[in-house]
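Let the sequences and hints guide you as you build the complete structure.
Quick note, the sequences are listed as chains A and B, same order. Mapping of the first sequence onto my numbering: residues 1 to 608, in sequence order. Mapping of the second sequence onto my numbering: residues 1 to 608, in sequence order.
There may be inaccurate statements among the hints.
Same chains, same names: a pair is fine if it fits in one copy or spans any two.
With a Cα cut of at most 25 Å, we get these calculated PhoX-like pairs of lysine-lysine [what the hints assert, rightly or not]:
1) K515 to K480
2) K521 to K350
3) K226 to K350
4) K226 to K521
5) K480 to K242
No lab work stands behind these hints, which were simulated from the structure alone.
Protein chains: 2
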Amino acid sequence: MSTLRPTLEFLLYDWLHAESLTERERFADHSRETFGAVMDICERIAREKYAPFNRLVDTEEPRFDGERVILPRATHEAHAAYVGSGMLGAAQDYELGGMQLPYTIEAAAGTFFATASVSIGGGLLTIGNANLLMAHGTPLQREVFARNEFSGRFSGTMCLSEPQAGSSLSDIATRALPDGPDFEADPLGPRYRLRGNKMWISAGEHELAENIVHLVLAKIPGPDGKPVPGTRGISLFVVPKKLVDTEGRLTGERNDIALAGLNHKLGWRGTTNTLLNFGEGSFPVRGGAGAIGYLVGRPGEGLRCMFHMMNEARIGIGMAATSLGLAGYQASLEYAKNRPQGRPVGPAGKDPAQPQVRIIEHADVKRMLLAQKSYCEGALALLLYCARLVDEQHTGTPEAADEARLLLEVLTPVAKSWPSEFCLEANSLAIQVHGGYGYTRDFPVEQYWRDNRLNMIHEGTHGIQAADLLGRKVVMEGGKGLALLAARINATIERAIQQPQLAEHANALGQALQKVGAATKAAWATANAAEALANAVPYMQAFGHLVIAWTWLDVLLALPAQVERPAEEGRVRAARYFFHYELPRIPAWLRVVETRDPTCATMPEDAF
Amino acid sequence: MSTLRPTLEFLLYDWLHAESLTERERFADHSRETFGAVMDICERIAREKYAPFNRLVDTEEPRFDGERVILPRATHEAHAAYVGSGMLGAAQDYELGGMQLPYTIEAAAGTFFATASVSIGGGLLTIGNANLLMAHGTPLQREVFARNEFSGRFSGTMCLSEPQAGSSLSDIATRALPDGPDFEADPLGPRYRLRGNKMWISAGEHELAENIVHLVLAKIPGPDGKPVPGTRGISLFVVPKKLVDTEGRLTGERNDIALAGLNHKLGWRGTTNTLLNFGEGSFPVRGGAGAIGYLVGRPGEGLRCMFHMMNEARIGIGMAATSLGLAGYQASLEYAKNRPQGRPVGPAGKDPAQPQVRIIEHADVKRMLLAQKSYCEGALALLLYCARLVDEQHTGTPEAADEARLLLEVLTPVAKSWPSEFCLEANSLAIQVHGGYGYTRDFPVEQYWRDNRLNMIHEGTHGIQAADLLGRKVVMEGGKGLALLAARINATIERAIQQPQLAEHANALGQALQKVGAATKAAWATANAAEALANAVPYMQAFGHLVIAWTWLDVLLALPAQVERPAEEGRVRAARYFFHYELPRIPAWLRVVETRDPTCATMPEDAF
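Below you can see the structure in the form of structure tokens.
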């Protein structure tokens, strides 16, 4: 039996006191019971409609028959059940048909789907898309597009990357030209014609919903007719696959968006990933050239608007990575409990006439299981903490909201990158526990590992996250975010140090915090960004380990001083694993940061 | 252009002085030119017959049509070209049709095939199988089986594991019963009837050769009719797929070996991997029940015989892992040199009107490339060093041969495990350099990563290697092997410390050696194997890093004091990367070894 539900409940209620959110006006109708009902529904749908088809969606990859993208029937049924659960709009206002559910609970419930089949997927993109429109769209854009996304009638995408511009958005070449002299008069927003190619668009083409709402970054040419260079030239457009009227009804006309190709991936195959051509003339529409798109927000502010959905999207990726890690942990735990092989080390194991023991009795198998538990449950705790901060940002007092915002700025790169790296490592350990069987497609763990490899790449690669963390987040607003995080960590240390059984961890965490702080200063000592950021990834790895160690120590504070139940003992052990086996890795990462080691940065190209 | 050939030549000649082997009688006809000719042939075959089909053999997995296992035509052609190269018997005596090639050169040449397509494969198993028969078989077994393997007429397998006995060979259940009263009179060796199932048998069924020679571990029942428990009950048998006469001709009769299933793997799909049923009655032969097998060596000594092929097999696995790492390094280097994306950090990169730079100009991409180079070329150097020790063991003076044997005992677990772990990490970095493209099947790196994941599992898992290293190899013969390795490392340190540019590395290596030595003692301080081995894998990781750092420092001693050429600068940088970014990881691994940390070993099962 999966330990996911009790782990979530412990973290949500014993640690994060999520039920205290119901004291706030927005969540006043909720209670631990209503939260539980949401979790029940999601858990059931995931068990019945997702988990049984995870391998199927891997082997029956999306294909294009020339007209339509074909997905397995199981994907349609899972999607329908997901829509039926109401989760797409769960966080929205009652008047929009939502249930004003805290994001913390939404994020927690999402793990059921992601552990069952990450690539059938939940509503991450659709929700993010619609949330962005709620924040930056006109009232009619919200009504026509967002509302229909929350109801599941339409689905959503983010169209940022282009074949020649992956991480470098300032180099996008998609252009948007005003559509006729009356372009500003369109009730759906200033109407443009878009032409360009968008790469890596997840869920960019399918038949799961009536329509697909693309949010597209493009450049409006300046007065000289040329696109404005850099990111300040980027604007945001809502570009529906099928045109709609002001009531959100399909007009029957298709927009000029053509599927140029499906990407054939290493994993995550249940989700289509596409190259889309906008306005190339495959579906000429209303006599003009280009796909019709409506401006969202003001011209030149596209990236700022898009970043609105970035924090939640990045937490979502971290949650996907964590869920895959947890799925592998459960699978390998189950295997280890049932597979007999070998005998104990030492005298007890010398008699070959004795039966073999189950592999969970071997120290090295326990090590591989405990590492997984420590990585994945630690990551889960951090992500729920971040989700709780999102709720604080939206519903807390002004001071608390601003603190939450700042903490999220600093923690988001970690919440996205750390699980991507270490829950992937957990999946590799899950394979290793299975031995040769883990390397076959008869067991689920190899797929988890393949699926998880995506998470270090999409929504900003590891390198991008690291540059964001060290180059921006820890120095922004005079280092206020980092100082705030340090204060939270110190508060945890001060509580823990008073408990004899936690004092050792508290001291170790204090030293790690001091080291990371010193390394941050040393990296920037010359105020030269190229030198500071030359080792940004090792910095992020050390920073991430600090944050997860802090998370674990804080989680331990929610346990009784005398642990008695096995689950409590498990958390104590997982934390101890992290403090004994993982936290000591920090100095090795920081060494090159502190010295601004130039070994890599100055490597001559011809010496490779 | 691949840098593999010049790297190999540098390591073989400038560092290992491989041409000095030609001063020995066995290799007297050889010269650097004849070695070069062998390398030329292998490089050409790999380029023409292997590399173009690496993706094909991944997508056209082996399948069984009810009678035969079908492999792509390209595999047949690659195999034929490989056989034609003479590499199968290259190391053998002239009188056996060999060319008395040093193993060092054979191993080096093998990297061309493994980088081009690891799963089309070379002759690892066939050569190992035949070498075992040369060492332990009767003259007729050598003539009938080994000789035909060296010529490529027959191919070979190792049949150790069973579904219920993977790593635990003492639990195999395959039985061998004497075949009739005259069983000892068969000219091919004492004749038995075998019944049982063998799992994970690579190349267990195919049509690439006229016959398949299985070397099978099985138990001969004791006087009480029961199999002898433990490993001392294990005997070794040669079991041909098709029966042969004393001239090695096929008799036309098929032996009772049935393909029970093909394993469907995560990678390495160009090689069939099988479950074989011996003697289940699918092909009843000569009226008896069971597959016919001929005893090799003496009853009960099967495992000892089998271990004869283990060292070379494990070096072979390390070489495969390393080759995959090198292939990913080359692919990502090529990509990074050609992919424009983004701009430099700092003022130079602020102008979006400037064109994008190639990603190899970014510090973090350089870091990922240099890490790959450091891992993979370091591993390559170690493996060639081990191969050189194999030659020393076979052709050196008695003292040198014994030293080589001892060093190989200690180094083999590292040579197998370290590349399996860190060249896999290199492959992950190769994906990361490619960004989203690396996650698609349009680029080769995802396949390298999948293929490489096998190497931590087969030929003894990571856990098995670690228990072997810490439980046996560093303590055997009173710690003589470890002392010898330490003496070699100290000799390198003493030479390096005299060169100002190497002194820092030499000091760091000295400290690491001291730490590993102390941890070895501390692990065994209570003389309790269960305590000592509870953290055997972290110990092996630290030990491996020590060995690779030593290898790199020793390699640097082969460079001129003033490096001038780019390739030389590259080696200096790769070594420096290892000393600055990797060696400092050792204390974190050893901490739990020194304290015999029981966090994992004593974890209660119900706390997971």
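Which of the numbered hints are not met once you compare them with the structure shown? Violated: hints 4 and 5.
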